[in-house]
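Given only the sequences and the hints, what does the whole structure look like? Please build it.
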Amino acid sequence: MAVVQRELVERRRWLTQEQFIEDWAVAQLMPGPNVINLSMVIGERHFGWRGALSALAGMLLAPLVVVLLLAALYGSVAHHPTAQGALRGMGAVAAGLVIGTGLKLLGALRHNPMGALACAALGTVTAVAIAWLRWPMTTVLPAVGTVAVWWAWRGLPDTPSKP
Amino acid sequence: MPPISVDWLSLTGQFLSLSLLSIGGAITVAPDMHRYLVTEHGWLSDAQFNSSIALSQAAPGPNVLFVALLGFQVGLNANAGLVPAYVSWAQALAGSLLTLFAILLPSSLLNHTITRWAHRNQHRRAVRAFKQGMAPIVVALILSTGWLLASAHDQPASDWPLWLVTAASAVLAWRTRLHLLWLIGAGALLGAMGWV
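In order, the protein sequence lines correspond to chains H and W.
If you count by the numbering used here, then the first sequence holds residues -14 to 148, one letter each, in order.
If you count by the numbering used here, then the second sequence holds residues 20 to 215, one letter each, in order.
Stretch by stretch, here's where chain W covers chain H in the computed footprint (C-beta under 8 Å, at least three residues): (1) -12 to -1; (2) 28 to 37; (3) 48 to 56; (4) 78 to 86.
Among chain H residues calculated to face chain W with C-beta under 8 Å, some are: (5) 44; (6) 59; (7) 73; (8) 108; (9) 111; (10) 115; (11) 134; (12) 137.
Simulated from the structure, these hints should not be mistaken for laboratory data.
Note that CB positions come from ideal geometry on N, CA and C, so glycine has one too.
Have a look at this one:
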């Protein structure tokens, strides 16, 4: 996920931070892996169903080969402390990368029309419920999400009438 | 140990239905996969299940690949000792493709339909309210995921170097444009040397 954000937003500039958060929100709420959902949406938007399929293949094929090779290798060295240590080290870095991406996206919330206070409150409640209390996402998301969407809805003008 | 015989049809059906429940990513249904594969059927050992998840977290690419690793391992285990090695590897490859396909197909179709609708109606008040309201929650969820991954190491006395590595890579990913693979590689090296 950290890699996708950096590539799409920072390097290629296909999306702004705000668009990334919006698309990520949808990808997050749908069942299925977020990164896959997100890349298929972006592929689809630009190139139709062919784009969606290419995005899917691009996201999966090479990593699938790598991870299967790793698994085959790891099977023969699983009991070795060096291999276990390397796996621990990479896991710790992976956690850091996810946190770093979250910190980066915090900046994009500045332009959210709900205002900083409402954003901070909603974000804190979500983080406490998920990371600290370990409540299941299937209860937290609908509950906090309903409040958030209602709050944003109040602040928005009505649908512009179509010509 | 008696040979393990795997019911591939039932396995595929199970993963197809888990796909539609996997809100927030395939990792959210991992506990149910554990119940099905390890506890109920014994097609995988506990250690094999855990190392599949750890490997996919560490490897490049989407985390959903842990599902492919589970299929891979089930394929290796199926009829182990009864069939020649090349059949085992073929089963493993087929198993990984089967589980990955099953976990992706239903959710992708649903996601595809709904996002198309939302994109066509992006100026509606409800769609805009949804996107703006969800933004802070999404950022909080990303930070929470990072926290949950980091807090798998829960022995502060011996695990503090790992926390240091996590904090350092968070700051580096946030503040610099250093290539992420360098960070992962450094983590692997530190771990392999036994320093963290």
